[in-house]
Amino acid sequence: MVMISRNTNTLLLTTESKVLVCDLKSEQQTVLEIPAPVLPDNLTKDQRNILLKHEKTVNSVDFSLTDQYMLLSTENKQILVYSSDLKLIKNFTVNRVPSKAVFTPSNDIIVADKTGDVYLYELEGDEKPTLLLGHLSIILDVLVTKDGKYIITCDRDEKIRVSHFPNCYNIATFCLGHTEFVTCIKVEGKILISASGDGTVQFWDFLRGKQLNIVNTNAHVEESNTLLEFSETMDKEKVDVSALPVINVQISENFMAVQLHKCSTLQLYSVDFSKNKCEVQLIFKLCIAPIFSFCFSKLELIVFSDRLRTFKLENNQFVEIESVFLRKLCDNYKANFKHLDEECLTVLYKRKFDNMQEYYERKKQRIESLK
Numbered sequence: 570m571v572m573i574s575r576n577t578n579t580l581l582l583t584t585e586s587k588v589l590v591c592d593l594k595s596e597q598q599t600v601l602e603i604p605a606p607v608l609p610d611n612l613t614k615d616q617r618n619i620l621l622k623h624e625k626t627v628n629s630v631d632f633s634l635t636d637q638y639m640l641l642s643t644e645n646k647q648i649l650v651y652s653s654d655l656k657l658i659k660n661f662t663v664n665r666v667p668s669k670a671v672f673t674p675s676n677d678i679i680v681a682d683k684t685g686d687v688y689l690y691e692l693e694g695d696e697k698p699t700l701l702l703g704h705l706s707i708i709l710d711v712l713v714t715k716d717g718k719y720i721i722t723c724d725r726d727e728k729i730r731v732s733h734f735p736n737c738y739n740i741a742t743f744c745l746g747h748t749e750f751v752t753c754i755k756v757e758g759k760i761l762i763s764a765s766g767d768g769t770v771q772f773w774d775f776l777r778g779k780q781l782n783i784v785n786t787n788a789h790v791e792e793s794n795t796l797l798e799f800s801e802t803m804d805k806e807k808v809d810v811s812a813l814p815v816i817n818v819q820i821s822e823n824f825m826a827v828q829l830h831k832c833s834t835l836q837l838y839s840v841d842f843s844k845n846k847c848e849v850q851l852i853f854k855l856c857i858a859p860i861f862s863f864c865f866s867k868l869e870l871i872v873f874s875d876r877l878r879t880f881k882l883e884n885n886q887f888v889e890i891e892s893v894f895l896r897k898l899c900d901n902y903k904a905n906f907k908h909l910d911e912e913c914l915t916v917l918y919k920r921k922f923d924n925m926q927e928y929y930e931r932k933k934q935r936i937e938s939l940k
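According to this note's numbering, the residues represented by the sequence shown are 570 to 940, in order.
No wet-lab data here; the hints were simulated from the structure. Fair warning: this is a prediction, and the values are worked out from it, not measured in the lab. In this text, a Cβ means the ideal position worked out from N, Cα and C, and glycines have one as well.
Each computed BS3-like pair below joins lysine-lysine, with the alpha-carbon atoms no more than 30 Å apart: (1) Lys587 - Lys614; (2) Lys715 - Lys656; (3) Lys846 - Lys715; (4) Lys697 - Lys683; (5) Lys897 - Lys831; (6) Lys715 - Lys881; (7) Lys594 - Lys715; (8) Lys805 - Lys919; (9) Lys728 - Lys759; (10) Lys919 - Lys932; (11) Lys683 - Lys759; (12) Lys656 - Lys867; (13) Lys718 - Lys728; (14) Lys659 - Lys755.
Cβ-Cβ distance ranges computed for the label pairs, FRET-style: (15) Leu692 - Glu891: 36 to 42 Å; (16) Glu930 - Ser833: 43 to 49 Å; (17) Asp774 - Glu930: 49 to 55 Å.
Given these sequences and hints, build the entire structure.
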């Protein structure tokens, strides 16, 4: 799928097995091809063939705090680290498909995998990874606070866990309030922001596990048929859906941008992080059909929809800025972009099965046979 990430002056776009690195200041671009994985010696021939044939699709991107390094994880179990001058300095495989990889404040690497485990890898050296913690379901997001004291994880089972770092067996709190899978988490100071498949964005004092505010993003959706169509699709999967899931939340200063699945409107909120109640107010809705991905940094919004579009936040409104560089970039590589796979999201919902009906049928047959 298309992913857009940004640090100070660099814009990153992922396209299948390619990564476009764009210098926004000089308007220069570099195309990175995902290299072949470096495989351990103890793999069987079949295991090696599977890893080599699997798609090298990037599924997470992170920058170190100082922008010194760039971190990528892929669907074929690769972890790649590049320096700021785009030299590959680390390329290794992990045992299971990663769901997210992030840097710690000291530039070591945290990898959460799709079986629910979280490992710590040292940037320098080839020592074996350290198992930090585990969930009973797939971890969808992970972060380490800027002070390096806590690691926060969220999963498919609605849980948000706050653990001491690096002694993660010491759990500080749980933030429990979502009713569906938690898609992403962000931290601003001592405030945790979480988004979920239940259609809400929630704010937490994560050191106490106390909910400060809850925003029902679906209350601001004007496209009434969107939820109906999504619900009908999920009915075929035997899933009851009552809200459009929030798939992306990004914070820039005191503003928050929210993206909902299947919704062509990007919601912008003002957030007062200084108050204990964490006051939130919807101030603007940007309508672009369709929205596939976006990044929100330094009050500038870059959206990939029909093309790459740039907006600047002025007077609580987004004003579009024409960028010939980004337009040409999108035209050149548009055929390579992959949109969000519907199945990636729908598999996160829990199915409900009526296993009693079969039991009653068998019981009825036993009673009939005794007559």
